[in-house]
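Please build the complete structure, drawing on both the sequences and the hints.
Letter by letter, the chains look like this.
Number of protein chains: 2
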Amino acid sequence: MYQEILTKCILFSDLSKEELSYALQFFSATEKFYEKGDFLNKVTAPLKSFGLVLSGTIQVYMDDIDGNQMIMANVGEGDTFGESLCFLQREAPVYICSLTDSAILWMNTDRIKNPDAHFTYRDIVLANRFTAMLANRTLAMNDRIQILSKLSIRDKLITFFSQYSNRYGSQEFEIPFDRNDMATYLGVNRSALSRELAHMREEGIIDFHKNQFQIKNIFANQ
Amino acid sequence: MYQEILTKCILFSDLSKEELSYALQFFSATEKFYEKGDFLNKVTAPLKSFGLVLSGTIQVYMDDIDGNQMIMANVGEGDTFGESLCFLQREAPVYICSLTDSAILWMNTDRIKNPDAHFTYRDIVLANRFTAMLANRTLAMNDRIQILSKLSIRDKLITFFSQYSNRYGSQEFEIPFDRNDMATYLGVNRSALSRELAHMREEGIIDFHKNQFQIKNIFANQ
DNA sequence: TTATAATGGTTGCATTTGCAACGAATATAT
DNA sequence: ATATATTCGTTGCAAATGCAACCATTATAA
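Those protein sequences? They're chains A and B, same order as listed. When we follow our numbering, the leftmost residue of the first sequence carries the number 1, and every step to the right adds one. When we follow our numbering, the leftmost residue of the second sequence carries the number 1001, and every step to the right adds one.
Careful, some of the hints might be misleading.
Selected chain A positions facing chain B (in silico; Cβ < 7 angstroms) [said to hold, decoys possible]:
#, residue
1, 87
2, 115
3, 131
4, 137
5, 141
6, 148
7, 187
Lysine to any residue pairs mimicking SDA-like chemistry, simulated, CA-CA at most 25 angstroms apart [to be verified]:
#, chain 1, residue 1, chain 2, residue 2
8, A, 32, A, 16
9, A, 150, B, 1199
10, A, 150, B, 1194
11, A, 150, B, 1148
12, A, 113, B, 1118
13, A, 42, B, 1146
14, B, 1150, A, 183
15, B, 1150, B, 1185
16, B, 1113, B, 1128
17, B, 1048, A, 141
18, A, 48, A, 136
19, A, 36, A, 177
20, A, 42, B, 1142
21, A, 150, B, 1061
22, A, 48, B, 1124
23, B, 1008, A, 89
24, A, 150, B, 1099
25, B, 1113, B, 1080
26, B, 1113, A, 114
27, A, 113, A, 79
28, B, 1017, B, 1003
29, B, 1036, B, 1178
30, A, 8, A, 173
31, A, 150, B, 1180
32, B, 1113, A, 139
33, B, 1017, A, 114
Have a look at the derived ranges for each label pair, beta carbon to beta carbon [said to hold, decoys possible]:
#, chain 1, residue 1, chain 2, residue 2, range
34, A, 214, B, 1033, 47 to 57 angstroms
35, A, 216, B, 1093, 17 to 27 angstroms
36, A, 120, B, 1175, 42 to 52 angstroms
37, A, 151, B, 1178, 14 to 24 angstroms
No lab work stands behind these hints, which were simulated from the structure alone. Note that CB positions come from ideal geometry on N, CA and C, so glycine has one too.
Below, the structure is given as structure tokens:
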């Protein structure tokens, strides 16, 4: 049922039915269901598993030094969370909360970290897929850091748009955020973001409608 | 000669002489020397290796959409670069340039990605060390994203300081940046950073001398 | 020593941006 | 259908911050 979602994850993409079944077993995959508002972990214990969101949305956050909550990630369908902490068996004061009703596929890396004598070629391939997942994660985080490092909203937007444009090979693309999440991703205030988007549209640099954006002549001004 | 530097890298820490030798061979390690200003890669070709800086400092950057150069990383002694791109064999328009005279240990992940029939237990262990390196990298990038996501310089500094304080388990610590690099890391203007640091000192929240910082009562105000 | 470069602090100013409040439009639930 | 919640844009205002220019101090080189 969740087949399509699984195949979106690099761990399980392009596997035969038999291989998929083996992979799920290799990562000790078990499905669990949560209701809106449920907590997925105990803060006191280190993460023994990482998760793949099969349906719904979950949020990872930690308490800030001044008591506020720092949102670390909103994780939607097909995306994973906690891989690094799980692999490193690192303790971290993170809370994982289900924003909607959700289904999570919990997995662990025990078979990678504690290989037995029968570690086979396909085990190595699966371990490499896990590594590739982390590598992809660092590249995605790097993209975000590029954006966040820009000093002005305008520059952040230009970087953000050009990344999407490159990724899709097109001047026109849809982004997976609403304005609120977009502002969070860019690290700016929502209304200031709206204002800057309006300015850029006035200047003829971009056009947009809801999540659909079009780059017109981003190089022209500035 | 570079023994101490190697052992700082998770790939090579706590290895016997014999194991170290095997690890170097496993990653096809070869040393190369560069002069200040030398380029370490050809932009047109994908990265076939990742690097460990044995001495000196190198910089990774790419051309921005508007022709400016985006600095992606300053890599100092003992730190690595290009692991993700190398492992994924991903092409990316990055420039790698030596800021000083430098010595680089080039390595690759061929033995991980193309395991032969004799893939042994210690090969698995080394592959896992590589994975752990990536996992650590994502955690470090996450810390930086936490900081960059804050909207004010004050909040960025508070987050930055509390990370260091947690890491060293002390209210007093030394940071590895000069003011310029610190401003870049925090994603703010250097003089604005100096100004905010001065304010925080006036308010008795922190004290500092050069790279030596002391948190006094960061919780008090705000 | 002297000269030069690098580093860090200070400040005036213009601009940007966060913030709050509000309203319109749309979506969702009852 | 009606009510309610969500999303998005707009705007006035105050505060934060980028920017540039300058100076002091320290480090480095000649």
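Against the structure, the hints:
1. The beta carbon of residue 87 of chain A is positioned within 7 angstroms of a beta carbon in chain B (closest approach about 5 angstroms), and the interface hint is therefore held.
2. With a least beta-carbon distance of about 5 angstroms to chain B, the hint placing residue 115 of chain A at the interface is held under the 7 angstroms criterion.
3. Given hint, residue 131 of chain A at the interface with chain B, holds; its Cβ is 5 angstroms from that chain's nearest Cβ, closer than 7 angstroms.
4. At a threshold of 7 angstroms, the smallest CB-CB gap from residue 137 of chain A to chain B is about 5 angstroms, leaving the interface hint in force.
5. Given hint, residue 141 of chain A at the interface with chain B, holds; its Cβ is 4 angstroms from that chain's nearest Cβ, closer than 7 angstroms.
6. The interface hint given for residue 148 of chain A holds, since its Cβ lies 4 angstroms from the closest Cβ of chain B, which is under the 7 angstroms cut-off.
7. Hint status for residue 187 of chain A: holds, given a least beta-carbon distance of 5 angstroms to chain B, under 7 angstroms.
8. Restraint check for residue 32 of chain A and residue 16 of chain A: satisfied, since their Cα atoms lie roughly 24 angstroms apart, inside the 25 angstroms limit.
9. Note on residue 150 of chain A and residue 1199 of chain B: the hinted pairing holds, with a Cα-Cα distance of about 24 angstroms set against a maximum of 25 angstroms.
10. Only pairs whose Cα atoms come within 25 angstroms are accepted, and residue 150 of chain A paired with residue 1194 of chain B is accepted, the gap being roughly 19 angstroms.
11. In summary, the hint linking residue 150 of chain A to residue 1148 of chain B is supported, as the alpha carbons are separated by about 10 angstroms, within the 25 angstroms threshold.
12. Pair hint residue 113 of chain A plus residue 1118 of chain B holds up; C-alpha atoms about 19 angstroms apart against a cutoff of 25 angstroms.
13. Under the criterion of a C-alpha separation no larger than 25 angstroms, the hint pairing residue 42 of chain A with residue 1146 of chain B is consistent with the structure, at around 22 angstroms.
14. Only pairs whose Cα atoms come within 25 angstroms are accepted, and residue 1150 of chain B paired with residue 183 of chain A is accepted, the gap being roughly 12 angstroms.
15. The suggested pairing of residue 1150 of chain B with residue 1185 of chain B holds, with an alpha-carbon distance near 13 angstroms, which does not exceed 25 angstroms.
16. Of the supplied pair hints, the one linking residue 1113 of chain B and residue 1128 of chain B holds, its CA atoms being roughly 12 angstroms apart against a limit of 25 angstroms.
17. For a cut-off of 25 angstroms, the pair hint linking residue 1048 of chain B to residue 141 of chain A stands: about 22 angstroms separates their Cα positions.
18. Restraint check: the Cα-Cα separation between residue 48 of chain A and residue 136 of chain A comes to about 22 angstroms, which is no more than 25 angstroms; the hinted pair holds.
19. In summary, the hint linking residue 36 of chain A to residue 177 of chain A is supported, as the alpha carbons are separated by about 20 angstroms, within the 25 angstroms threshold.
20. Distance restraint check for residue 42 of chain A and residue 1142 of chain B: the Cα-Cα separation of roughly 21 angstroms lies within the 25 angstroms cut-off, and the hinted pair is therefore satisfied.
21. Restraint check for residue 150 of chain A and residue 1061 of chain B: the C-alpha separation of about 14 angstroms stays at or below 25 angstroms, so the hint holds.
22. Simply put, residue 48 of chain A and residue 1124 of chain B have alpha-carbon atoms about 21 angstroms apart, close enough for the 25 angstroms limit, and the pair holds.
23. Proposed proximity of residue 1008 of chain B and residue 89 of chain A is supported: the alpha carbons are some 20 angstroms apart, at most 25 angstroms.
24. As the CA atoms of residue 150 of chain A and residue 1099 of chain B are separated by approximately 23 angstroms, the hinted pair is consistent with the 25 angstroms bound.
25. Of the supplied pair hints, the one linking residue 1113 of chain B and residue 1080 of chain B holds, its CA atoms being roughly 19 angstroms apart against a limit of 25 angstroms.
26. The hinted pair formed by residue 1113 of chain B and residue 114 of chain A meets the criterion: a straight-line CA distance of about 19 angstroms does not exceed 25 angstroms.
27. Taken as a hint, the residue 113 of chain A and residue 79 of chain A pair is honoured in the structure, with Cα atoms around 22 angstroms apart against an allowance of 25 angstroms.
28. Between residue 1017 of chain B and residue 1003 of chain B the CA atoms are separated by roughly 10 angstroms; this keeps the pair inside 25 angstroms, and the hint holds.
29. Restraint check for residue 1036 of chain B and residue 1178 of chain B: satisfied, since their Cα atoms lie roughly 20 angstroms apart, inside the 25 angstroms limit.
30. The straight-line distance between the Cα atoms of residue 8 of chain A and residue 173 of chain A is roughly 20 angstroms, inside the 25 angstroms bound, and the hint therefore holds.
31. Taking the CA atoms of residue 150 of chain A and residue 1180 of chain B, the gap is about 15 angstroms. The hint holds against a cut of 25 angstroms.
32. Distance restraint check for residue 1113 of chain B and residue 139 of chain A: the Cα-Cα separation of roughly 19 angstroms lies within the 25 angstroms cut-off, and the hinted pair is therefore satisfied.
33. The hinted pair formed by residue 1017 of chain B and residue 114 of chain A meets the criterion: a straight-line CA distance of about 24 angstroms does not exceed 25 angstroms.
34. As the Cβ distance of residue 214 of chain A to residue 1033 of chain B is approximately 48 angstroms, the hint placing it in 47 to 57 angstroms holds.
35. In this structure the supplied range 17 to 27 angstroms holds for residue 216 of chain A paired with residue 1093 of chain B, their Cβ-Cβ distance being about 23 angstroms.
36. The hinted range of 42 to 52 angstroms is satisfied by residue 120 of chain A and residue 1175 of chain B, whose Cβ atoms lie roughly 46 angstroms apart.
37. One distance hint, 14 to 24 angstroms for the beta-carbon pair residue 151 of chain A and residue 1178 of chain B, holds here, with the actual separation near 19 angstroms.
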